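Asks: Which chain is which? The protein sequence lines are A and B, in order. In terms of the working numbering, the numbers along the first sequence are unbroken and rise by one, the last being 212. In terms of the working numbering, the numbers along the second sequence are unbroken and rise by one, the last being 1186.
Among these hints, one or two may not hold up.
[To be verified] Output of the computed footprint for chain B on chain A, the stretches with three or more beta carbons under 8 Å from beta carbons of chain B: (1) 39-47; (2) 101-113.
[Unchecked claim] Which bits of chain A does chain B cover? Going by a derived footprint, with three or more residues having C-beta under 8 Å, they are: (3) 156-165; (4) 170-178.
No lab work stands behind these hints: they were computed from the structure. Fair warning: this is a prediction, and the values are worked out from it, not measured in the lab. C-beta atoms are modelled at their ideal positions from N, C-alpha and C, and glycine is treated no differently.
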Amino acid sequence: MADARDRARARSGLRLVTAAAASERSDEALVRAFLAGDDEAFGELVRRHERTVLALLKRYTEGSPAGSDAARDLAQVAFVRAFQAVRRTSWLRAIGPESFRAWLFRVAVNLGRNHARDTRRWRRAPVEAAEAVPVWGVGTAELEHAERERAVRTAVLNLPQRQRDVLTLRIDAELSFREIAGVLGITEGNARVHFHHAARRLRDAVARVEGP
Amino acid sequence: MNPCVELDGLLAERASGDLAPEDQARLDAHLPSCERCRAELASYEAALDLMRMPKGSACRDAGVPSPLPCGVGRGPGRGAPTERGREHLDLALSTLAAWKRHRSRTARLALGAGVLSVAAAAALALAPGLFEKRVPHALESAAPAAAAEPDVGESVETSALARRQDDEEITSEDVALAALDAAEQP
């Protein structure tokens, strides 16, 4: 299995880029290299942003039958669509207000939102709880911590769409409220209000687990 | 208005780490004197921390969002950073493969569009001949409408021209034959 992976890696010409080398090139430089046919730049862009894209999509796919597989599939689609858009449009000329990162996250949020909507269409019951994670060999404190995390994840799943978008972009993607406003096409003040409501629901969810 | 109620939204923003400087100053002035707001801030921070992936953990570095602190509660043989690292690379590989598939599909479509364009250009090159062949039919179909009010002189000219080659001169013989044609018409 590992041999097959290595062969695939050799065929594609894709190599792991060290963290030091990665920090030397900006996203924009990598996009330019990719447009010039550099597959390694493509791989580096994926590697650099995949954690965040996966984290974003996990917020929308959690609780769906496909689970984390759906998040990975959607992440792949998000990257391909973002690259398609980069190649099709004069994005490099109009790069000013929006970075590749914000562009990619916008694609990911839209995909996640569509996936959540389609999943809900086939499953009438609301999301009751995030999937429980099996726990081995841990103490009471860890179990309580896991329970609180589960309550928070469930609360995120049940947030209204816009609040969930803002919350995940702020916490998972670590975008500023100004960037979030640009990604979602809303005002910065609106983004802050949505975030406030979402954070309050999360806080209340934790309070319910902890009890009076 | 109670300042604590007014500042509640700012507490959540502060907990997330993105607060406008002027709001930051308002909170900094208020918090030391308000135990309730300090407790609220702590509860927001706790809730948002539970949502965040643990920073600097093996899971985070390997690119795997985890609902639990990395290494806690994972079954035997699961969550080893090296294996996660492989999965991490696999996504880059599979995405690259998907991109290459998309690119070759696009190239095939472009080739098909090119072939269609050439075919369309060839058809256009032939079209004038086809069009010219259709003109007399069009004139013929228009003729009955024009003949609603018979005009012998006009019909003589039309029938004579219909039988003539393009570059030939109209002779007196042609005019006579056209007159005979007109006389034979009911």
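Asks: Hints first: check each against the structure and report whether it holds.
Replies: For each hint, the structure was consulted:
Here the region 39-47 of chain A counts 5 residues with a CB under 8 Å from a CB of chain B, which clears the bar of 3, and the coverage holds. Only residues whose beta carbon comes within less than 8 Å of a beta carbon in chain B count, and the region 101-113 of chain A has 0; fewer than three means the coverage is violated. Coverage of the region 156-165 of chain A by chain B is violated in this model, with 1 residues showing a Cβ closer than 8 Å to a Cβ of that chain against a need of three. For the region 170-178 of chain A, the stated coverage by chain B is satisfied: 5 residues place a CB nearer than 8 Å to a CB of that chain, which reaches the threshold of 3.
In the structure shown, a violation is registered for the earlier hints numbered 2 and 3, in ascending order.
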